[in-house]
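Novice: As a plain string of letters, each chain reads:
There are 6 protein chains.
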Amino acid sequence: MDRKFSHLDAHGEARMVDVGAKPAQRRRATAVSRLFCAPATIEALRAQALPKGDVLAVARIAAIQAAKMTSTLIPLCHQLPLDQVAVEFQVTADFVETRCTVSTTSRTGVEMEALTGASVAALTLYDMMKAVDKGMVIGETRVTEKVKE
Amino acid sequence: MDRKFSHLDAHGEARMVDVGAKPAQRRRATAVSRLFCAPATIEALRAQALPKGDVLAVARIAAIQAAKMTSTLIPLCHQLPLDQVAVEFQVTADFVETRCTVSTTSRTGVEMEALTGASVAALTLYDMMKAVDKGMVIGETRVTEKVKE
Amino acid sequence: MDRKFSHLDAHGEARMVDVGAKPAQRRRATAVSRLFCAPATIEALRAQALPKGDVLAVARIAAIQAAKMTSTLIPLCHQLPLDQVAVEFQVTADFVETRCTVSTTSRTGVEMEALTGASVAALTLYDMMKAVDKGMVIGETRVTEKVKE
Amino acid sequence: MDRKFSHLDAHGEARMVDVGAKPAQRRRATAVSRLFCAPATIEALRAQALPKGDVLAVARIAAIQAAKMTSTLIPLCHQLPLDQVAVEFQVTADFVETRCTVSTTSRTGVEMEALTGASVAALTLYDMMKAVDKGMVIGETRVTEKVKE
Amino acid sequence: MDRKFSHLDAHGEARMVDVGAKPAQRRRATAVSRLFCAPATIEALRAQALPKGDVLAVARIAAIQAAKMTSTLIPLCHQLPLDQVAVEFQVTADFVETRCTVSTTSRTGVEMEALTGASVAALTLYDMMKAVDKGMVIGETRVTEKVKE
Amino acid sequence: MDRKFSHLDAHGEARMVDVGAKPAQRRRATAVSRLFCAPATIEALRAQALPKGDVLAVARIAAIQAAKMTSTLIPLCHQLPLDQVAVEFQVTADFVETRCTVSTTSRTGVEMEALTGASVAALTLYDMMKAVDKGMVIGETRVTEKVKE
Numbered sequence: 001m002d003r004k005f006s007h008l009d010a011h012g013e014a015r016m017v018d019v020g021a022k023p024a025q026r027r028r029a030t031a032v033s034r035l036f037c038a039p040a041t042i043e044a045l046r047a048q049a050l051p052k053g054d055v056l057a058v059a060r061i062a063a064i065q066a067a068k069m070t071s072t073l074i075p076l077c078h079q080l081p082l083d084q085v086a087v088e089f090q091v092t093a094d095f096v097e098t099r100c101t102v103s104t105t106s107r108t109g110v111e112m113e114a115l116t117g118a119s120v121a122a123l124t125l126y127d128m129m130k131a132v133d134k135g136m137v138i139g140e141t142r143v144t145e146k147v148k149e
Numbered sequence: 001m002d003r004k005f006s007h008l009d010a011h012g013e014a015r016m017v018d019v020g021a022k023p024a025q026r027r028r029a030t031a032v033s034r035l036f037c038a039p040a041t042i043e044a045l046r047a048q049a050l051p052k053g054d055v056l057a058v059a060r061i062a063a064i065q066a067a068k069m070t071s072t073l074i075p076l077c078h079q080l081p082l083d084q085v086a087v088e089f090q091v092t093a094d095f096v097e098t099r100c101t102v103s104t105t106s107r108t109g110v111e112m113e114a115l116t117g118a119s120v121a122a123l124t125l126y127d128m129m130k131a132v133d134k135g136m137v138i139g140e141t142r143v144t145e146k147v148k149e
Numbered sequence: 001m002d003r004k005f006s007h008l009d010a011h012g013e014a015r016m017v018d019v020g021a022k023p024a025q026r027r028r029a030t031a032v033s034r035l036f037c038a039p040a041t042i043e044a045l046r047a048q049a050l051p052k053g054d055v056l057a058v059a060r061i062a063a064i065q066a067a068k069m070t071s072t073l074i075p076l077c078h079q080l081p082l083d084q085v086a087v088e089f090q091v092t093a094d095f096v097e098t099r100c101t102v103s104t105t106s107r108t109g110v111e112m113e114a115l116t117g118a119s120v121a122a123l124t125l126y127d128m129m130k131a132v133d134k135g136m137v138i139g140e141t142r143v144t145e146k147v148k149e
Numbered sequence: 001m002d003r004k005f006s007h008l009d010a011h012g013e014a015r016m017v018d019v020g021a022k023p024a025q026r027r028r029a030t031a032v033s034r035l036f037c038a039p040a041t042i043e044a045l046r047a048q049a050l051p052k053g054d055v056l057a058v059a060r061i062a063a064i065q066a067a068k069m070t071s072t073l074i075p076l077c078h079q080l081p082l083d084q085v086a087v088e089f090q091v092t093a094d095f096v097e098t099r100c101t102v103s104t105t106s107r108t109g110v111e112m113e114a115l116t117g118a119s120v121a122a123l124t125l126y127d128m129m130k131a132v133d134k135g136m137v138i139g140e141t142r143v144t145e146k147v148k149e
Numbered sequence: 001m002d003r004k005f006s007h008l009d010a011h012g013e014a015r016m017v018d019v020g021a022k023p024a025q026r027r028r029a030t031a032v033s034r035l036f037c038a039p040a041t042i043e044a045l046r047a048q049a050l051p052k053g054d055v056l057a058v059a060r061i062a063a064i065q066a067a068k069m070t071s072t073l074i075p076l077c078h079q080l081p082l083d084q085v086a087v088e089f090q091v092t093a094d095f096v097e098t099r100c101t102v103s104t105t106s107r108t109g110v111e112m113e114a115l116t117g118a119s120v121a122a123l124t125l126y127d128m129m130k131a132v133d134k135g136m137v138i139g140e141t142r143v144t145e146k147v148k149e
Numbered sequence: 001m002d003r004k005f006s007h008l009d010a011h012g013e014a015r016m017v018d019v020g021a022k023p024a025q026r027r028r029a030t031a032v033s034r035l036f037c038a039p040a041t042i043e044a045l046r047a048q049a050l051p052k053g054d055v056l057a058v059a060r061i062a063a064i065q066a067a068k069m070t071s072t073l074i075p076l077c078h079q080l081p082l083d084q085v086a087v088e089f090q091v092t093a094d095f096v097e098t099r100c101t102v103s104t105t106s107r108t109g110v111e112m113e114a115l116t117g118a119s120v121a122a123l124t125l126y127d128m129m130k131a132v133d134k135g136m137v138i139g140e141t142r143v144t145e146k147v148k149e
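Protein sequence lines correspond, in order, to chains V, U, Z, P, D and F. Here our numbering is used: the first residue of the first sequence is 1, the next is one more, and so on. Here our numbering is used: the first residue of the second sequence is 1, the next is one more, and so on. Here our numbering is used: the first residue of the third sequence is 1, the next is one more, and so on. Here our numbering is used: the first residue of the fourth sequence is 1, the next is one more, and so on. Here our numbering is used: the first residue of the fifth sequence is 1, the next is one more, and so on. Here our numbering is used: the first residue of the sixth sequence is 1, the next is one more, and so on.
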């Protein structure tokens with residue numbers, strides 16, 4: 001692998017990479033992020049919020065909106081029109097995992113959009129649960145799939 | 001600790017908590033986030049980008065801007081005027097750590113602003129380094145300090 | 001009542017009204033907006049979406065976010081830090097009514113924030129239901145209460 | 001008509017509909033919104049603001065800007081590049097009607113953009129006229145035309 | 001005058017200056033910006049747009065909205081709630097001058113808000129007039145007054 | 001040259017020009033903007049900030065982000081997906097010049113994006129240097145190249 005930072009020019013200065021010569025193509029990426037909580041927090045979440053509450057819906061909407069705002073947040077990202085954003089949650093005994101899948105038909109990939117969506121879902125869950133758990137940690141945020149179709 | 005989710009009403013519906021009765025007060029929070037990379041990536045970062053390049057400056061600005069946008073990203077957060085945002089980086093053999101400290105004089109705390117700033121710095125670093133390392137993971141994003149002064 | 005438009009100067013030119021001499025004070029406003037649908041649409045909503053679906057949660061979050069963005073949308077509105085935004089829905093045989101209540105401690109009132117929240121909730125419901133009902137109409141968007149406390 | 005909500009999956013969870021398989025095509029939609037006022041308010045508007053004032057221009061610009069921001073406001077809307085936004089007003093004895101027409105060359109339609117533009121124009125007019133009329137109501141916001149060309 | 005850059009720390013790294021210890025105080029600033037055009041452009045503007053057209057209203061609204069967005073545009077600016085924004089134009093034989101006055105009751109001054117408003121008004125005028133004049137230049141953008149009251 | 005304002009209709013009312021019939025095409029524009037400072041300010045900049053400081057990086061990122069936000073700032077601009085934004089600085093004895101080059105594959109040109117990027121870079125430099133120089137002036141902001149490829 002060539003260890004060259006594509007966003008830096010020969011002087012180390014930041015730039016948006018020119019994507020004009022790349023073809024618009026269907027692309028998809030999935031990222032996950034985990035919010036690690038105390039077991040009692042997960043139990044409270046299961047008891048109070050999951051049967052009918054809005055907690056996961058709020059985090060899902062936050063993720064979708066954040067994925068669409070990626071180029072506003074990450075300075076060197078291109079503005080990409082997203083074909084689809086889908087967000088799923090898995091609640092285990094130790095963490096809540098967000099899985100965010102993003103599709104586009106564009107000149108560059110959408111792993112940053114998937115990562116941004118998953119991260120903001122985790123932050124939103126943190127915000128809603130912070131009154132009951134002061135020790136939460138967001139971890140293992142990573143890309144799990146990146147494809148061209 | 002009372003395990004009650006303050007953002008949910010009796011029906012499990014989301015709400016912004018009313019902060020009107022709380023006094024405006026000086027508050028500060030610090031959060032960190034780590035981007036774990038391959039050692040060769042860290043070496044490339046040290047060789048190409050750290051001596052004079054823009055990499056850390058880009059991530060710093062992204063963090064400051066994201067901290068100011070927290071209430072746009074996290075649905076139930078209040079809009080808070082920030083007195084200060086400061087961002088520091090530590091580059092180790094395995095990870096780049098972002099430390100984001102936020103101060104305000106407001107009716108509620110700023111840990112979400114600090115977490116959002118640190119997370120977006122990590123995402124920005126990921127974006128600039130993803131061409132050279134496909135296996136990076138963002139982890140251990142957490143609040144390290146929260147005080148009223 | 002003096003029929004003078006406060007946002008126009010003597011030349012008919014738009015301006016933001018100067019609120020600097022007004023005291024910061026607790027203020028609250030409530031607005032409602034109704035989305036009129038076919039009875040079959042309401043039935044489908046009750047059957048598919050209300051028992052456990054995200055429909056009302058999505059509209060609630062959209063309303064909260066829009067209330068916070070009012071000064072970005074309405075050119076002559078001031079930027080106001082909101083203490084609280086609460087959103088409730090009532091589903092009748094003919095319409096879905098959104099009730100949005102906004103509180104602030106500021107130099108001017110929040111009826112525009114309440115109206116914006118209620119309107120964007122109605123638009124969001126329209127968006128989610130438009131595949132099943134082409135004849136919906138948003139109506140009777142109005143302020144129902146405006147108080148200083 | 002199949003009464004299935006396209007934005008909800010089998011679990012009632014919100015999603016952005018995948019538009020990747022649809023062709024980019026010229027599409028246009030028109031929506032209207034009416035702001036009902038007291039007759040004396042309409043007279044004041046005609047006397048003070050219409051001959052030369054900025055009132056309608058401010059509402060027109062607000063509508064254009066809001067149409068471009070639709071995907072930021074309505075969570076499940078796609079980001080669409082608009083080819084054109086046009087806004088016209090009709091002032092009658094009882095109401096001010098905004099007519100907003102939006103065109104795009106995209107994979108999905110623009111009725112939400114037209115509705116958002118018309119609604120925000122009505123809200124902006126409300127804001128500028130609220131000092132002289134406390135009883136205004138926004139009503140009859142609806143799509144009047146939706147075509148593929 | 002001490003030639004120390006307040007936005008750089010001892011390492012030359014950017015930071016938002018801490019304004020928490022400064023008192024909230026009424027502050028005002030005025031900035032101007034000039035758009036230099038060909039005389040025939042000014043004549044066309046006077047003939048077609050000034051008697052009744054929207055040109056100056058569009059630029060005025062753009063300036064007000066930009067002043068409110070200053071902290072989104074200028075990375076190290078604080079978010080300030082503006083009490084008032086007023087925008088005036090002077091059309092001479094050679095240029096259109098925008099004068100933007102901004103007031104706040106905050107911990108820091110608003111000259112960047114006034115400069116941003118004036119600059120965006122000039123850019124908006126440029127946009128509307130560029131079809132008829134390819135040689136326009138924006139110049140002499142500067143602060144003309146900055147006061148504490 | 002036909003001196004007709006394309007953004008005004010027959011009634012002098014503002015509109016977004018319809019670009020739907022124009023082909024998507026590779027387009028590029030460059031704009032410059034100069035911040036005129038006292039010689040002592042330039043010396044301080046060279047001594048404190050240029051060897052390793054973040055000053056130019058902050059302005060570069062602000063320019064890139066502003067270029068992407070042009071349609072939010074300039075009311076009648078279309079939303080354009082940018083292929084690339086590049087920003088260079090030249091520091092002379094009297095001024096700092098920003099040169100901003102923007103590329104797109106779209107139905108209309110990007111000179112407003114280049115001008116907006118260059119202007120916001122100049123404003124950002126002004127903000128960081130205003131503590132040491134009260135007499136700075138932004139001037140000679142203009143398009144230097146506009147091409148279809």
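Fair warning: there could be bad hints in the mix.
Note that the list lumps identical chains together, so a pair holds whenever it fits in one copy or between two copies.
As the list claims (entries may be wrong) - Derived pair list, reagent style SDA-like, types lysine to any residue, alpha-carbon separation capped at 25 Å:
1) LYS134 / LEU50
2) LYS22 / ALA38
3) LYS148 / VAL19
4) LYS148 / ALA21
5) LYS148 / HIS11
6) LYS22 / ALA47
7) LYS134 / GLU97
8) LYS22 / GLU43
Please keep in mind that the hints were generated in silico from the structure rather than gathered at the bench.
Novice: Could you run down the list of hints and mark each one as holding or not?
Specialist: Comparing the hints with the structure gives:
Only within a single protomer do LYS134 and LEU50 lie at most 25 Å apart by alpha-carbon distance; the minimum there is 20 Å, versus 33 Å between protomers. Taking CA atoms no more than 25 Å apart as the test, LYS22 paired with ALA38 passes in neither setting, with 46 Å inside one copy and 28 Å between copies. In this assembly of identical chains, the alpha carbons of LYS148 and VAL19 lie at most 25 Å apart whether taken from the same copy (16 Å) or from different copies (16 Å). When the C-alpha separation of LYS148 and ALA21 is checked against a cutoff of 25 Å, the pair qualifies both within a copy, at 17 Å, and between copies, at 14 Å.
Proximity of LYS148 and HIS11 under a CA criterion of 25 Å is satisfied in neither setting, with 32 Å inside one chain copy and 28 Å between copies. Taking the closest pair of Cα atoms, LYS22 and ALA47 never come within 25 Å of each other, the shortest separation being 50 Å inside a single copy and 29 Å across copies. In the homo-oligomer, the alpha carbons of LYS134 and GLU97 lie at most 25 Å apart both inside one protomer (18 Å) and across protomers (21 Å), since each shortest distance falls under that limit. With identical chains, the CA atoms of LYS22 and GLU43 are never at most 25 Å apart, being 49 Å at best within one copy and 30 Å at best between copies.
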